[in-house]
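For the record, the sequence lines run as chains D and E. Just so you know, we're using our numbering here: the first sequence kicks off at 1 and counts up by one. Just so you know, we're using our numbering here: the second sequence kicks off at 1 and counts up by one.
These aren't lab readings, by the way, just hints derived from the structure by calculation. Be aware that a few hints might be false.
[To be verified] Each computed DSSO-like pair below joins lysine-lysine, with the alpha-carbon atoms no more than 30 Å apart:
(1) E/K236 / D/K492
(2) E/K198 / D/K420
(3) E/K198 / E/K236
[Said to hold, decoys possible] Among chain D residues calculated to face chain E with C-beta under 10 Å, some are:
(4) D94
(5) G95
(6) N123
(7) P125
(8) D127
(9) S504
For glycine and all other residues, C-beta sits at the position ideal for the given N, C-alpha and C.
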Amino acid sequence: MSKWLEKVMPVLLASAAVVSPLSAQDGPSYEDILAGFSNPERWLTYSGDYSGKRHSPLQQITPENVSGLRPVWTFQTGTTTRGRGFETTPLADDGVLYVTGSNNNAWAIDAHTGRTFWRYRRNLPNDLTYGASAPVNRGFGMLGDRLFMVTLDAHLLAFDRRNGDILWDVELADYRVGYAATLAPLVLDGKVIVGISGGEYRTRGFIDAYDPVSGEQLWRFNTIPGPGEPGSETWPDDPEVLAAGGGGTWMNGSFDPELNLIYWGVGNPNPDYYGDARPGDNLYSNSLVALDADTGELLWHYQFTPHDLNDWDSNHMPVLAEVNWQGQLRQVVMVGNRNGFFYVLDRVTGELLLGTPFTATSWARELDADGRPIVLNDGSQGCVPDPWGSTNFMPPTFVPGQDLFILTARETCATYVPEKPADAPGQSNFGGTVLIDAEQGSGALRALDIHTGDLVWEFSYPSPTFGGVLSTASGLVFAGDHEGNFMAFDAKDGRNLWHYQTGSRIWGAAAMTFMLDQRQLVLIPSGTTLTAFALPD
Amino acid sequence: MNRDRPSQALIRNLTFPQRPHVLLTLAILVFAGTPWSHAQSVNPLEGDVRAIRGGAGLFRAQCATCHGADAKGISSIEAPDLTQIWSRRSLSAAAVFETIRLGIPGSIMPPHSMTDTENWMLVAYLQSVAEAGVIGLPAGDPAAGRRAFVENCSTCHRAHGLGESLGPNLSIVTSQRSLESLIASVRDPDALVGRGYKLVHLRASEGEEITGLIKSEDAFSMQLQDDTGRLRSVNKANLQMIERLSGSLMPAFARTQLGDQRLLDIFNFLQNGAQQ
Numbered sequence: 001m002s003k004w005l006e007k008v009m010p011v012l013l014a015s016a017a018v019v020s021p022l023s024a025q026d027g028p029s030y031e032d033i034l035a036g037f038s039n040p041e042r043w044l045t046y047s048g049d050y051s052g053k054r055h056s057p058l059q060q061i062t063p064e065n066v067s068g069l070r071p072v073w074t075f076q077t078g079t080t081t082r083g084r085g086f087e088t089t090p091l092a093d094d095g096v097l098y099v100t101g102s103n104n105n106a107w108a109i110d111a112h113t114g115r116t117f118w119r120y121r122r123n124l125p126n127d128l129t130y131g132a133s134a135p136v137n138r139g140f141g142m143l144g145d146r147l148f149m150v151t152l153d154a155h156l157l158a159f160d161r162r163n164g165d166i167l168w169d170v171e172l173a174d175y176r177v178g179y180a181a182t183l184a185p186l187v188l189d190g191k192v193i194v195g196i197s198g199g200e201y202r203t204r205g206f207i208d209a210y211d212p213v214s215g216e217q218l219w220r221f222n223t224i225p226g227p228g229e230p231g232s233e234t235w236p237d238d239p240e241v242l243a244a245g246g247g248g249t250w251m252n253g254s255f256d257p258e259l260n261l262i263y264w265g266v267g268n269p270n271p272d273y274y275g276d277a278r279p280g281d282n283l284y285s286n287s288l289v290a291l292d293a294d295t296g297e298l299l300w301h302y303q304f305t306p307h308d309l310n311d312w313d314s315n316h317m318p319v320l321a322e323v324n325w326q327g328q329l330r331q332v333v334m335v336g337n338r339n340g341f342f343y344v345l346d347r348v349t350g351e352l353l354l355g356t357p358f359t360a361t362s363w364a365r366e367l368d369a370d371g372r373p374i375v376l377n378d379g380s381q382g383c384v385p386d387p388w389g390s391t392n393f394m395p396p397t398f399v400p401g402q403d404l405f406i407l408t409a410r411e412t413c414a415t416y417v418p419e420k421p422a423d424a425p426g427q428s429n430f431g432g433t434v435l436i437d438a439e440q441g442s443g444a445l446r447a448l449d450i451h452t453g454d455l456v457w458e459f460s461y462p463s464p465t466f467g468g469v470l471s472t473a474s475g476l477v478f479a480g481d482h483e484g485n486f487m488a489f490d491a492k493d494g495r496n497l498w499h500y501q502t503g504s505r506i507w508g509a510a511a512m513t514f515m516l517d518q519r520q521l522v523l524i525p526s527g528t529t530l531t532a533f534a535l536p537d
Numbered sequence: 001m002n003r004d005r006p007s008q009a010l011i012r013n014l015t016f017p018q019r020p021h022v023l024l025t026l027a028i029l030v031f032a033g034t035p036w037s038h039a040q041s042v043n044p045l046e047g048d049v050r051a052i053r054g055g056a057g058l059f060r061a062q063c064a065t066c067h068g069a070d071a072k073g074i075s076s077i078e079a080p081d082l083t084q085i086w087s088r089r090s091l092s093a094a095a096v097f098e099t100i101r102l103g104i105p106g107s108i109m110p111p112h113s114m115t116d117t118e119n120w121m122l123v124a125y126l127q128s129v130a131e132a133g134v135i136g137l138p139a140g141d142p143a144a145g146r147r148a149f150v151e152n153c154s155t156c157h158r159a160h161g162l163g164e165s166l167g168p169n170l171s172i173v174t175s176q177r178s179l180e181s182l183i184a185s186v187r188d189p190d191a192l193v194g195r196g197y198k199l200v201h202l203r204a205s206e207g208e209e210i211t212g213l214i215k216s217e218d219a220f221s222m223q224l225q226d227d228t229g230r231l232r233s234v235n236k237a238n239l240q241m242i243e244r245l246s247g248s249l250m251p252a253f254a255r256t257q258l259g260d261q262r263l264l265d266i267f268n269f270l271q272n273g274a275q276q
């Protein structure tokens, strides 16, 4: 041992003995995530808190001063996203941003400067299936000193957040069949909850819980029932059809800690457009499911689109709120759905309180007494919303007090031409083609009154848009559009107050915000960049 | 698979989907036993009706989501019109085959792992839907055509080094479109206005009026080429009026103004120049 080492070793050992127990508790605990936005310098889970409202209490940036918002730094990912977007929401803790990107790149970034602490890139197989067509990722989950990320080859990884080392790596499903994973894991007390992508292939969706320390699977909820299980009566009596019934779970869920229930959207049945081989409602495709967080047991479900023929996955952020509903305080869950309807449900019982269209969809205009859509045009007759839907997974926001649900709406016109598919594992299995009228199509940021579904205000975009939404307690709404604008609006009336051209469409991502050195930062991913904005010093 | 060796081995290595489309299976079986590979420059299945049908099925399953069911592309996702690709004279069937096989790195176009036979079937389909250009040389006089082009077209259009840039460059238009559709566009330009040439009439708050072609647009601005050819940025917040016009900036040329023979002369000049 060198003289220098002899000298410093005892000091290192002593400090290790003192520091390690502390550093083990250094990162955020479950209680910290549960506390949501209470620490303004943190953003610890995909939506900022478990409710999915994406409504920050921060008030430094206001409708009065937002016109002065300026870029502070831009981070370049160095990786492109074939056909999709940079869809992540960064997590923020102790001045460090934890960011996932396309093609399973990930970084720890200095929030002050945009410079990198470490970078991770997964060595992906070259025969990816669904993961090749959507090489995206929506973010990390975080607990203590661990980060959790899913991969395009359908694994779940645990990282050491200090250096990006992989602590464990478990396979969720076989990517060669058509599985992939793209969402931000939902971290609860002693559980990492994830879902799966691949409903365009002969797959069977699930929601899984894993032990954050060991990576051991704790439970699995299959979104398509097995033969004889409840829900199987809504499918043909054919185990092969059930085993490939689709029902992906590729977008994050929300969590009610008091009820101990997680709320999660389920995707399309497979094949997407060809329904003749799967007569019936095809539960639990295109549904919202409420699961016991400890066991994965199904408490209730609501199916938005029975027997879907249009690829209108119900993979949206379920938004939880406590509202005064017709004079009664109720715990509700709200969903702006790809089928063009806005829904409010009692999240304790699953009772439907409201379901009403928020676009000009001609698919259906109302629900019957049982909450089923009265379908007027299944798409084969032309001009219903395209397979990307009337909205999609881009997060909406809820503004408490005003009781506004603000989402990105897409007005499109498509004709569906179903065709019996080849049913080959590892090959996409859409079951037909869609003719999209390229001349028709527009978008809008729409604010809905949650009590009626009525349009309170809107801001129009020239094309169908895929940007998500953030709101803040100062009365601001931040959104992105397909032309690359990152924008701020007045939550009261939808007036545009500020915009910045990022240079690439904002696709699937919503902004996040936090305080750093007494300064409010707002971050938006776009193309290959992540840009931080703040008011001038 | 040894991709350089056109042999029976290649056919034996064809992989079949578990429950393949009946038509496709038949087509592949019919073609199995024929020695060809990707190494050749000419599509061995070009014009074969069964191959085209099989290729159409493959196209619907694997390509139509981005390129549209009619192969004419979807501009919002920058997927090109595949009926127009053959107008680039340098493009061989083998190059299309390779693009399908390897994809275009850095773009949305992915590689495809289909067999060589399926790939040639797909190329045969694309060849079958190719927008037919003018076949042969139109019966006209190229020198007279050149003069007529300069007189009637060159204020807005460029071709073979002559003219201006307000309208589309016409240097290769005769290989992209049929004689009938070209004549129709000259006689009635309002019937079909392409992306980038949509017409708008604006009045700025200070009263200035601008007529121009919309090159790009977002919620806040328009990028125009005005009728003088100047590129201009317009802030929508500073406008009193936006009037979107359905027609084209191009005037209609009636027979009395530009006779049929003169038109053929112009197309002869365009085609002649394109072939040089």
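We went through each hint and held it up to the structure:
Using a Cα cut-off of 30 Å, the hinted pair E/K236 and D/K492 holds, with the two alpha carbons roughly 22 Å apart. Note on E/K198 and D/K420: the hinted pairing is violated, with a Cα-Cα distance of about 39 Å set against a maximum of 30 Å. Taken as a hint, the E/K198 and E/K236 pair is honoured in the structure, with Cα atoms around 17 Å apart against an allowance of 30 Å. Nearest Cβ of chain E to the Cβ of D/D94: about 36 Å, over the 10 Å cut. The hint is violated.
Taken as an interface hint, D/G95 does not check out: its beta carbon lies about 34 Å from the nearest beta carbon of chain E, beyond 10 Å. A least Cβ separation of about 18 Å between D/N123 and chain E goes past the 10 Å threshold, and the interface hint is therefore violated. For D/P125, the shortest C-beta to C-beta distance to chain E is roughly 13 Å, which exceeds 10 Å, and the interface hint is violated. Taking 10 Å as the C-beta contact cut-off toward chain E, the hint placing D/D127 at the interface holds, the least distance being around 7 Å.
Contact between D/S504 and chain E, as hinted, is not supported at the beta carbon level, the nearest pair being about 12 Å apart and thus beyond 10 Å.
The structure fails hints 2, 4, 5, 6, 7 and 9 (numbered hints given earlier, in ascending order).
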